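What follows is the residue order along each chain.
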Amino acid sequence: MSNFRMLSTSGLLGYGFPEESLRNGLARDPHMIGVDGGSTDPGPHYLGSGKTLNSRRAMKRDIKLMLIGARAHHIPLVIGSCGGAGGEPHLQVVADIVRELAREEKLNFKLALIHSEQDKQWVKDRRAAGKVRALRGVPELADDAIDKAERIVGMMGSEPFMAALDAGADVILAGRSSDPAPWAGGAMRDQCAPAPSWYSGKLLECGATAAWPKGHDCLLVEVNAGGIVVEATNPIRFCTPNSVAAQSLHENPHPHLHQEPGGMLDTTDCTFTAVSDRAVRVEGMQWRPDDVYTVKLEGAQLLGHRAITICGTRDPGLIAQFDSFLESVRENVSTKASAFGVAPEDYRLNIRVYGRDGVMGAREKVKQTLSHELGVVAEVIADDQETANDVLAMARPQLLHVDFPGRLCKEGNMAFPFSPSDISCGPVYRFNVFHVVQLDDPLSIFPIEYESL
Amino acid sequence: MRTIQQCAVMCRSKNAGPFEVTIDIAFADRETYEKVKASGVVCAQLIAERYSVAVGDVIFTAYDAGLAFKATIPRAVSAGDFGDTDVYGCQQHALLLDVELPV
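Chains as they are written, first to last, in our numbering: chain A, 1190 to 1642; chain B, 30 to 132.
Don't read these hints as lab results, they were simulated from the structure. All values derive from a computational prediction rather than experimental measurement. Just so you know, not all the hints are guaranteed correct.
[What the hints assert, rightly or not] Covered by chain A, according to a simulated footprint, are these stretches of chain B (three or more residues, beta-carbon under 8 Å): (1) 50 to 60; (2) 66 to 74; (3) 82 to 93; (4) 98 to 107; (5) 118 to 132.
[What the hints assert, rightly or not] Computed cross-link-like contacts, SDA-like style, restricted to lysine to any residue with a CA-CA straight-line distance of at most 25 Å: (6) B:LYS43 / A:HIS1443; (7) A:LYS1299 / A:ARG1246; (8) A:LYS1554 / B:ARG59.
Idealized CB from N, CA, C, for every residue including glycine.
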């Protein structure tokens, strides 16, 4: 093993990064360049609907610069969790961008597509064989939930990336992947030890988040015999022992223990040492291989369709009795929707009150608002969009016109900022599969397809 | 006595997957961190009270290398499900900002 350097352009494909940071990073002769393409973080809509989180235009801008840089330096370009959720439609959007760029920029290379969408019958068979378990806070998986999921993706580990690199792929686009897996795969294929390889991936998947000040920017990590050295390539950002240690806490239930496909990254004994005023060495991480290889499964089911309206009040008389006012609104909506044929069980009405508990919901401790204004987002979910729209269109005039004691302005209770005021939001999903499945072979459910461009 | 808002360098929340939220509180120097740790104020019980969850549902860890404490709790509603208020889970730290610490 030599010193293996990897360059990440940002925390997410399509977030953008300064071109100068990429140039600085490429000048350090990295052995691989990449970016994380997604996560479950923006919610279940993307996995369910097949839509990408970031725009095609923004993703194309980032890939273009990375692809040109990668080809000029003859290094692999690797992107995990393509398009956000990493399902087949998401992967194909990114593949389409790469094919288009190959034509436009007259570049020739070998492309690998690693698929992660799973056959529902296979998931049912694994479940029936006792090879699936629920993660904390999630119900046991039932066949019914598998059927209801719009799509189910498996979260691949490092092995498919190593296999694609072994096959000579220049550009690897993967479906749903463990965020650090592309980097861990790249480093381990170069004979780096698993522990520093996975740890470098934990840092690289977030771009320059391990540096201060935070920003959507590039990060360079070198894996060497002693551990790793991490550095931001934009001179305005500095990695310090604290900034890098803090990144170990990111989006993980435990600060020291990071479960990954195939094992546990244990950072309990890590030391963080400044090697310059802007680079940090991390040593002492451990990798504990699992006895049984597992990957996560993620699925999202359709809940219905949503319509919303946004409005607000500045009337202290109304703010002082907002709960009873909302109760009247709900009753009126129920009566009037029933009258046009939509029963109370056919829709769900949620009235969110900003300035009171819009952010914390039931966990809010402040029970008496001190705000001079309250913002309202009224939301209706029903099986079809038309029903959601129709019930919301009845909720709007109730918010506007329902009477309350001491009302001085009978012209309207709410200021509506927009015309039209009602917004159709389309399909709504919820995560209904978030489970772990045992695999006999880490590659078996992630087929790799190659094409020469 | 100072509040977490006054004496921490970081107090943040974020999803740890769609079913859990994780909260990190970090301090600038080891002296402050050790004082807070020795006081025992920042603990699983505090998190359980502030977020109305059972103590047994709180994963609480002191992270000496990062001068930080981490607590992970179940979400009230899974991310993006009907009734969720915070899809990214990134504003749930706020319930801790007025906790007073003996530093």
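Has the region 66 to 74 of chain B got at least three residues whose CB is nearer than 8 Å to a CB belonging to chain A?
-> With 0 residues closer than 8 Å to chain A, the region 66 to 74 of chain B misses the three-residue bar; violated.
Restraint status (C-alpha distance of LYS1299 (chain A) to ARG1246 (chain A) at most 25 Å) = holds (23 Å)
Taking a Cβ-to-Cβ distance below 8 Å as contact, does the region 50 to 60 of chain B have at least three residues touching chain A?
-> Holds, because 4 residues of the region 50 to 60 of chain B bring their Cβ atoms closer than 8 Å to Cβ atoms of chain A.
Closer than 8 Å, Cβ to Cβ, for at least three residues: run that test on the region 82 to 93 of chain B against chain A and report holds or violated.
-> holds (count 3)
Take a quick look at whether LYS1554 (chain A) and ARG59 (chain B) sit within 25 Å of each other, Cα to Cα.
-> It is violated: about 31 Å lies between the C-alpha atoms, which goes past 25 Å.
Quick check: the region 118 to 132 of chain B, covered by chain A? Criterion 3+ residues, Cβ under 8 Å.
-> holds (count 4)
Under the criterion that the straight-line Cα-Cα distance not exceed 25 Å, is the pair LYS43 (chain B), HIS1443 (chain A) satisfied?
-> Holds - the C-alpha atoms of HIS1443 (chain A) and LYS43 (chain B) are around 13 Å apart, at most 25 Å.
Check of the region 98 to 107 of chain B against chain A for coverage (Cβ-Cβ below 8 Å, three residues minimum) = It holds: at least three residues are needed, and the region 98 to 107 of chain B offers 7 whose Cβ sits within less than 8 Å of chain A.
In this structure, the hints that do not hold are numbers 2 and 8, in rising order.
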